[in-house]
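**Q** The lines below spell out each chain.
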Amino acid sequence: SQQGEEDPQALSIQEGENATMNCSYKTSINNLQWYRQNSGRGLVHLILIRSNEREKHSGRLRVTLDTSKKSSSLLITASRAADTASYFCATDTHTDKLIFGTGTRLQVFP
Amino acid sequence: NAGVTQTPKFQVLKTGQSMTLQCAQDMNHNSMYWYRQDPGMGLRLIYYSASEGTTDKGEVPNGYNVSRLNKREFSLRLESAAPSQTSVYFCASSVLQGGDGYTFGSGTRLTVV
Numbered sequence: 027s028q029q030g031e032e033d034p035q036a037l038s039i040q041e042g043e044n045a046t047m048n049c050s051y052k053t054s055i056n057n058l059q060w061y062r063q064n065s066g067r068g069l070v071h072l073i074l075i076r077s078n079e080r081e082k083h084s085g086r087l088r089v090t091l092d093t094s095k096k097s098s099s100l101l102i103t104a105s106r107a108a109d110t111a112s113y114f115c116a117t118d119t120h121t122d123k124l125i126f127g128t129g130t131r132l133q134v135f136p
Numbered sequence: 006n007a008g009v010t011q012t013p014k015f016q017v018l019k020t021g022q023s024m025t026l027q028c029a030q031d032m033n034h035n036s037m038y039w040y041r042q043d044p045g046m047g048l049r050l051i052y053y054s055a056s057e058g059t060t061d062k063g064e065v066p067n068g069y070n071v072s073r074l075n076k077r078e079f080s081l082r083l084e085s086a087a088p089s090q091t092s093v094y095f096c097a098s099s100v101l102q103g104g105d106g107y108t109f110g111s112g113t114r115l116t117v118v
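Residue numbers (my numbering), protein chains in the order written: chain A, 27 to 136; chain B, 6 to 118.
Rather than coming from a laboratory, the hints here were simulated on the basis of the structure.
Honestly, I wouldn't trust all of these hints.
Simulated crosslink set (DMTMM-like; lysine to aspartate or glutamate; CA at most 25 Å straight-line) [unchecked claim]:
1) A:LYS52 with B:ASP105
2) A:LYS82 with A:GLU41
3) A:LYS52 with B:ASP43
4) A:LYS52 with B:GLU64
5) A:LYS52 with B:ASP61
6) A:LYS82 with B:ASP43
7) B:LYS62 with A:GLU41
8) A:LYS96 with B:ASP105
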């Protein structure tokens, strides 16, 4: 069964708008990570947030983590057409391996 | 740096045939992983190797075997391919098992007919 579930499954926005995607998980974690996957390519690591952190920034990315609600959000500000991709959350659940969610497909229109 | 290299990129097999997917990393990472990706299913872990000489089953190991040949290489073998194994396979590596970002290969698209 999937540990992480992203919401929404698909998101379409215009360039310049912000994109927010959410991830919920079931069990306690060491950390939570976000990855991007362009069509037909491998996944690229974006950002990692540890269980004792509440917010983290990297460029136009902002990640929040609420361990009491077992949820995380990824905000991409001022979206660009090049941000079009699928985004996955992945949780490290004290088991030496990452468990991935089912992903959010983001489409950014020029 | 090449990162994580997977071969082949594409493969078509007939049911019952066998093949080995190769993966090599040049980042001196300790841990390596094999995932499969199916539409709407995200990535599911097949096998992983926390360190050279060790391998462990993931979520969907049936029908697969792995070999951690050395620190650099981690291969995935399908002994008798089935249509249900049609998927995109990704190899990944990390410095620390589960505790750091993974580096992924570009994938192998396998079709079993």
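**Q** Keeping to a limit of 25 Å between CA atoms, is the pair of LYS52 (chain A) and ASP43 (chain B) held or broken?
**A** 22 Å, holds
**Q** Holds or violated: LYS52 (chain A) and GLU64 (chain B), Cα atoms, limit 25 Å.
**A** 16 Å, holds
**Q** Please verify whether LYS82 (chain A) and GLU41 (chain A) have alpha carbons no more than 25 Å apart.
**A** Answer holds: LYS82 (chain A) to GLU41 (chain A) is near 23 Å, not above 25 Å.
**Q** Under the criterion that the straight-line Cα-Cα distance not exceed 25 Å, is the pair LYS52 (chain A), ASP105 (chain B) satisfied?
**A** 20 Å, holds
**Q** Given the hinted pair LYS96 (chain A) and ASP105 (chain B), is their alpha-carbon gap at most 25 Å?
**A** 20 Å, holds
**Q** Has the given pair, LYS82 (chain A) with ASP43 (chain B), been kept, meaning a C-alpha gap of at most 25 Å?
**A** Distance ~30 Å between LYS82 (chain A) and ASP43 (chain B) Cα, so the pair is violated.
**Q** Check whether the Cα positions of LYS52 (chain A) and ASP61 (chain B) lie no farther apart than 25 Å.
**A** Answer holds: LYS52 (chain A) to ASP61 (chain B) is near 23 Å, not above 25 Å.
**Q** Assess, step by step, whether the Cα of LYS62 (chain B) is no farther than 25 Å from the Cα of GLU41 (chain A), and give holds or violated.
**A** 43 Å, violated
The structure fails to meet hints 6 and 7 from the earlier list, while all remaining hints are met.
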